Each structure stands twice: as C-alpha cells, then as structure tokens.
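Quick mapping for you: the protein sequence lines, in order, are chains A and B.
To convert, count from 1 in the first sequence and add 20; that's the numbering used here.
To convert, count from 1 in the second sequence and add 4; that's the numbering used here.
Hints listed in this document are in silico derivations from the structure and should not be mistaken for laboratory results.
Note that the structure is predicted; figures quoted are calculated from it, not measured.
Glycine included, each C-beta is placed from N, C-alpha and C at the ideal position.
Check the hints yourself; a few may be wrong.
Derived DEER-like restraints, expressed as beta-carbon distance ranges [stated by the list, open to error]:
1) A:Q139 with B:S47: 15 to 23 Å
2) A:T105 with B:L117: 36 to 44 Å
3) A:T34 with B:P146: 15 to 23 Å
4) B:W113 with A:L42: 15 to 23 Å
5) A:V30 with B:P143: 24 to 32 Å
6) A:T34 with B:G83: 26 to 34 Å
7) B:S47 with A:F56: 48 to 56 Å
Sample of chain A residues lacking proximity to chain B, with all beta carbon distances greater than 10 Å (derived) [stated by the list, open to error]:
8) R29
9) V36
10) F46
11) Q50
12) D69
13) W96
14) S119
15) N134
16) G145
17) T209
18) S276
19) R285
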Amino acid sequence: MKRSPLTLRVAVLTYVGLLIGLPLFFVFQQTFSRGFGVLWQALNDQQMDAAMILSAKVALVAVPLNVLFGVGTSLWIVRSPSRITAVLDRLIDIPLAISPIIVGLVLMLAYGQNGWFGQTFASWGWNIMFSYPGIVIASIFVSLPLVSRQVIPLLREVGTHAEETAATLGAGPWRIFFTITLRSITWATAYGVTLTLARVIGEYGAVLVVSGNIALVTQTLTLNIGANFDNFNNYQGFVGSAVLALSSIIILSMLSIARNRERKRHEYLA
Amino acid sequence: MAVTANYQESTKSRLLLPKERQSRFVISPVKGVARGAAVTFLSLVVLIPFAALITNAFNGGVSGFWNAVTAKESLHAIGLTFFCAALGSALNSAAGLATAWVLVRDRFWGQGLLNALIDLPFALPTVVAGVTLYTLYGPLSPIHLSLTGTWIGITLAIMFVTLPFTVRAVQPVLETMTFTAQAAAATLGASPIRIFRTITLPALAPALLAGTGLAFARSIGEYGSVVFISNNLPYKTELASSYIFSLTSSSQNTAASAASLALLVVAMALLGLFSVLSYHFSRGNR
Chain A
21 MKRSPLTLRV AVLTYVGLLI GLPLFFVFQQ TFSRGFGVLW QALNDQQMDA AMILSAKVAL
81 VAVPLNVLFG VGTSLWIVRS PSRITAVLDR LIDIPLAISP IIVGLVLMLA YGQNGWFGQT
141 FASWGWNIMF SYPGIVIASI FVSLPLVSRQ VIPLLREVGT HAEETAATLG AGPWRIFFTI
201 TLRSITWATA YGVTLTLARV IGEYGAVLVV SGNIALVTQT LTLNIGANFD NFNNYQGFVG
261 SAVLALSSII ILSMLSIARN RERKRHEYLA
Chain B
5 MAVTANYQES TKSRLLLPKE RQSRFVISPV KGVARGAAVT FLSLVVLIPF AALITNAFNG
65 GVSGFWNAVT AKESLHAIGL TFFCAALGSA LNSAAGLATA WVLVRDRFWG QGLLNALIDL
125 PFALPTVVAG VTLYTLYGPL SPIHLSLTGT WIGITLAIMF VTLPFTVRAV QPVLETMTFT
185 AQAAAATLGA SPIRIFRTIT LPALAPALLA GTGLAFARSI GEYGSVVFIS NNLPYKTELA
245 SSYIFSLTSS SQNTAASAAS LALLVVAMAL LGLFSVLSYH FSRGNR
C-alpha cells in the first residue's frame, strides 16, 4: 500500500494535537500546577462534592431508564415493524438534532411554573423544574436515542434464525429472550449505555436551563465547573474539569472494549 | 416417532411464519404493557414538551411569531450560528478526510493515540471543552492568542466538538475501499490529483456528506463549548443558543419559542438538503 505524503501525516498530527491534545493536556497541567496539597483541598470543596454526588444520582436514574426504553423500542421497531414503529423510529432521533438549550426550554414550557402542567403538578406538591426530577428528565431527553441507535442495526443484522431454532427445540419465549435475544445485543447495549452515561454526566445546556443552577442543591458537576469559571475561580473549575476529563477517558476505554468485543463476536460468527 | 412428529409440527408452525408474525418470539404477555409504557415515556419526555414549544411560539399569532424571529438580535444570532456551523463543519470535513486517510493508509508511531484522541470530543463534556479553550485561547492565554469574542474563537470551539463526525464516517468506507480503479487510472497516466478528484472523492462523497451533516447539526445547537469563548456580545458574537437562553432566563417564553422553532425549521431544511445530496452521490456510484 502506498503511504501518504509525510506532510499530510504531520499536518494531521499537528491539527489533532493542537485542537484536542493540547486542551486535554492543559486541563491536567493546570490541575496539578499547585501541588497535591492544594489539589486535595480543591477535591474536598463542599460545592464540588455536592455537585458530583448530584451528577451521580442523576446518572443512576436516567441511564437505566434510557437503557430500558432503548432496548425495548429497538425490539419493537425491528421485530414488529408497523406504521407506528416507522413514526417512532423517526421521533427517537429528534433529541440528537436539537440544541440542549431548546431541550431545556421545551421542558420548562411543559413542566415549569408557567408551563402546561406546572400548576397542576404544583397543586399536588410536585416540583419538577428547578429540582432533581427536572434534571433527570432533561438528561433522559438528550441521551434518548443513544442506546437504540446501537441496538437497532445489530438486531436487524442478527435476524431471528437462532431464536427460531431455539423455539423448535422447545425453549419458551422468556428463555429465548434471555439466552439468545438479549445475549446477542449485550455488547451493542453496553456501547449504548456508555455513550448514554457520557452524555448524561456531561450535559450542560439542558441542565442549565431546567435546574436553576443552585449551588449545593441543583448544581451538577458540569454546572459547578461553569459557575467556578464565571466567578473567576478558575483553579477549582480546572479540578472539576480534570475529574470529568478523567471519567471521559475511562468511558472511552470502556467504549473501545465494547467495540472490540462486538468485533470479536462478529468474526466468530463469520 | 412422537418426537419427530412434534418437531415437524413445530417447524411448520414456527419456521414458516410470515415475516410480520416473527415477533411472537419476543415475549408476548408483557408486550402490550411495555409498548404502552414506551409511548407514554416518549410522549412525556419529548412529544408533549414539543407541542408546548409550537403552541408557545404562536402565542402572539403568526405576526407575533414573525416579529420575534425577525427581531434584529434574533436574525443576527441565527445568521452567525449558521455561518460558524457551516465554516466549522466544512473545515472539519477536509481535516476529517485527511485524518481518516492517514489513520487507514499509514502505519506510524503514535497512531493509536491519534485514533483515541479523535473520539475524545464525543466523551468530553462540552463545558470542559469550553472552559479549556477559553483559557487556552482567551484573555489569559499562555500562548498569547486571544480569540475571545471573535467568530474565529467560536469556529474553533465548533471544530473541537465536531472533529470525530467526519473521521468516523469516512474511516469505515476507506477501510473497505479497493484501490484498483485508482491504480488503473495511474497506469493510464492520470495525475494523483485527478485520480483523487474523479475516483476517490466521488466514492467517499456519501460518507463525507453524512458525516458533515451530523457535524453541522451538532454545531447549530452547540452551547457549552462555545458560550465561554464567544463572550455572548449581542449583535456581535451571540449565538442562537445563547440568545434563546437569555430570553428564557428573562421569562420571554414566546420569543424564545419562536426563535427556537425558526432555528429548528431552518436546520431541518438544511439537513434534508444534505441527505438529498448524499442520496444523489450514492446513486451516482452504483
């Protein structure tokens, strides 16, 4: 195979290095620039810790709900195609094409104080916007299609042969579902889950609109970072950024594991 | 004998099912409930809020909608958004093609790292990208390069966020591409540039366009990564997302809804154009 010219390789490495490598390096360089003592103090910052716990709590609810929804709708769309699923297939993709700010806005219009259901819910004692449930709904919205985008193509590809064979051998529907259907989409689902997790932890715009951004109460880690920069508390912001950058590196390695497992399964079948 | 008969019977009833009845292999008792739950979930999270957006946009009638959209600040913000999004994704479609090319065709030291770095913008929270770019290329820049409050800074942030889209769209196509036609053209005396323009590029065009379309869609709605470096100066560097956010913060819901709806409609139209172009190119290849 003919190699590309050296100048092209150098240009690409410089471009990616300056655009992505340098900023990533800079986050960690800033974080460690004041020594470990200061870093330890910053890591124990009360507001940042509360924000981290909130982000974790949001992910703990939003991710499982989205996985359930994603796998369920994928099975529905692929295995029982109808006019309804054709519409559903289109609708699921909407969140990916929308600005997170608009996501926040539409949720406010429906569930906020002056929104469609705000008054009704308030009379029941439910506060959705500017509190935890609103942040969860916004996180679900922005990451809605990430699981099904991974699972749908795979389900289409594997088909129903193995399931039919199992059925002829006398396996019941639940057994078929758990030992064959679910098994065949495990790694694609894992990939989707990781993408969802990354998106939920990293969401900024939508959460900014619906949460009210109250420190210690409704401030997620991303909001905390933004607030620190707005208040010229840059170092604290960089420490938060480093925590998130580290978690996204972990997420990326999980993604590459999931992708490799999926590829191996592919090669094994082929 | 009984087993054989049973087997044949079950193969008949299960294997020879018409396509649409294959779904019986997925658990049926809970299916109805699950489907109902899925539709309810989607309605609560996406559909009802969207209906609220559309009705709110027309709260002041059609003229109210039109006035809100064509307000000077709104037009400027939407215009700047599309300009920077188009510029950023166009630059990245060229850079993405080059990157994918190098990753597929070459073997060199640091390639694994390069490949891993490409995905980083997918996983890195936008606000982290935003504050880092702001510090690196802002007023406190250690390399004395201040791009804050300029369209260049905004485009840079957009390029950061959208780099993976074109690379990851083009890479698989390049990997499976056989270069026999290119070799034949070379033996017939075609220059490398001509080979690239007439053979390689058309074959890559659908993937390239698809990736650029995704990048473009993403950059229109971008907020966290651009809000810090843009400085949000109305009529200067205020992007549509920031404009809508400022309207939302001051409870001007009708104007915010109108601007959002306009932004969405124009974005959908442009993306539709992209998929038509992509379809056109992929037909030309066959």
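Taking the numbered hints from earlier one at a time, note which ones the structure violates and give those numbers from smallest to largest.
Hints 8, 9, 10, 11, 13, 14, 15, 18 not satisfied by this model.
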